[in-house]
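Enquirer: Listed here are the chains, written in short residue letters.
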Amino acid sequence: MKKLPKTINLTLKVWRQQQSEKKGHFENIATQNIAVHMSFIEMLDSVNEQLTLEGKDPIAFDNDCREGICGTCGAVVDGRAHGPQKATTLCQLHMRQFSDGDTIVVEPFRARAFKVVKDLVVDRSSLDKIMAAGGYISANTGGAPDGNAIPIAQEIAEKAMDAAACIGCGACVAACPSASAMLFVSGKVSQLALLPQGRPEAARRALNMVKTMDTCGFGNCSNHRECENACPKELSIINIARLNREYLKASFFSDAT
Amino acid sequence: MSWLIQIFSSSVGKKLLMAVTGLCFIGFLAAHLAGNLSLYAGGAAFNAYAEKLHSLGPILVVFELGLLALALIHVITGITLFVQNYKARSVPYEKDKAAGGRTLSSLTMPYTGFIILGFIVFHLINFSFVDKSDRTIFEIVRAAFVNPIYMIIYLVVMIIVALHVRHGFWSAFQTLGVNHPKYMPALMVLSVIVGLIIGLGFGLLPIYLWTIG
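Protein chains in written order, with this note's numbering: chain G, 1 to 257; chain R, 1 to 213.
There may be inaccurate statements among the hints.
What the hints assert, rightly or not - Cut-off 16 Å, straight-line C-alpha distance, at most; resulting in silico cross-link-like pairs (EDC-like, lysine to aspartate or glutamate):
id, chain 1, residue 1, chain 2, residue 2
1, G, Lys159, G, Asp214
2, G, Lys233, G, Asp123
3, R, Lys97, G, Asp78
4, R, Lys95, G, Glu155
5, G, Lys13, R, Asp96
6, R, Lys182, G, Glu155
7, R, Lys87, G, Asp78
8, R, Lys95, G, Asp78
9, G, Lys115, G, Glu21
Unchecked claim - Quick list of the computed label-pair ranges, beta carbon to beta carbon:
id, chain 1, residue 1, chain 2, residue 2, range
10, R, Ile59, G, Asp255, 37 to 43 Å
11, G, Met131, R, Leu117, 35 to 41 Å
12, G, Thr215, R, Gly213, 56 to 62 Å
13, R, Leu37, G, Ile150, 53 to 59 Å
14, R, Ile193, G, Glu158, 42 to 48 Å
15, G, Glu234, R, Leu60, 47 to 53 Å
16, R, Leu117, G, His37, 52 to 58 Å
I should point out that these hints are in silico values taken from the structure, not numbers from a laboratory.
For every residue, glycine included, the Cβ atom is placed at its ideal position computed from N, Cα and C.
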């Protein structure tokens, strides 16, 4: 087995932008002694320590759980959303994926609907707006219902769970050549449309979430399938087909507007 | 009416328009190709086919107007989608690598579409809006393809049409919501086959006509 070097030296070509309104630029930052077992986020931490000691502005980036489940982190690394490893968030990407002497291009998720806040931080509140338009069920809270009161077939539950794996990171938008949010919206619509609890509001949900998605300035799905390949939770475009069905059903056969 | 406007101004509705009109065009291409194959049977067969087609009279006119309507919808919606999608990524990436989904055919859809539109105008001027009073359609077609430039233009455009159909065919089913693991892999393969049939079917004709000169 090839023995990995303990540390590598890299050049980061990273996007720097003071604030939304200002023009940004790429900055080359030379880094030394990056431990290969660091995550990409830990590498950025160590670069920021170095920058801070030099009296420079650290690189701004989003992160939270650092275990690949919260959907907060994300950047386009070497042309790929969340970097070169499949089914992995940026915080779970390790520096052993890179080689000594590499130049790594680090850019924010690019979309008109995702404004750059600073450096690699983008405003993804448009995804929240879409959720607020119907990504929930209006159930009255009360005592917890009996677990198996409504029987749900195991394969349906599995499909709903697969759709619900979406962590809302926005990599699908970043990876889509048309900056479309269809995979995100389809995941949210699917997880509820598949379950009996989600059916009463299914038509209204599909119509309103798509309408909000369109007004936020996302592009139109062109079936490039980049989203499902970039998704850290591997959501399938089968969900997009389901969203299309739900939307068309709601448009032509329901009273919802 | 407002519900109709809402559907067709939405992203899903616009894709629906592209899918339905696109599938109609694939149907048209299949019929067109079937007719054109009579060229292999010689001039008389091809002229007979053309005559039979024109003897349909008003039915043919209705059909042509239908095709024109489909074309207008496909082109106008396509341009709208192209502009919106272009605007949706306001700043391009410095480095942009495929994650494993996009293909040459999917990435070039708007461009191949524009080329096909230009070609259709060229094609109609060549063989449809042409003086047929003193020559049969076979003579006109045969005379055109003596010119190798014509042959090459047609050949290249047929490769482009094949690319457009290859992404368009399976895409239309996905847009219509027809996607299930039971048959989607087969549909993807079928999409390549349909693209190949259309590309080869139409593409070999100009070569054949050129060789028989």
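Enquirer: Please write out, lowest number first, the hints stated earlier that are contradicted by the structure.
Expert: Numbers 1, 2, 4, 7, 14, in rising order.
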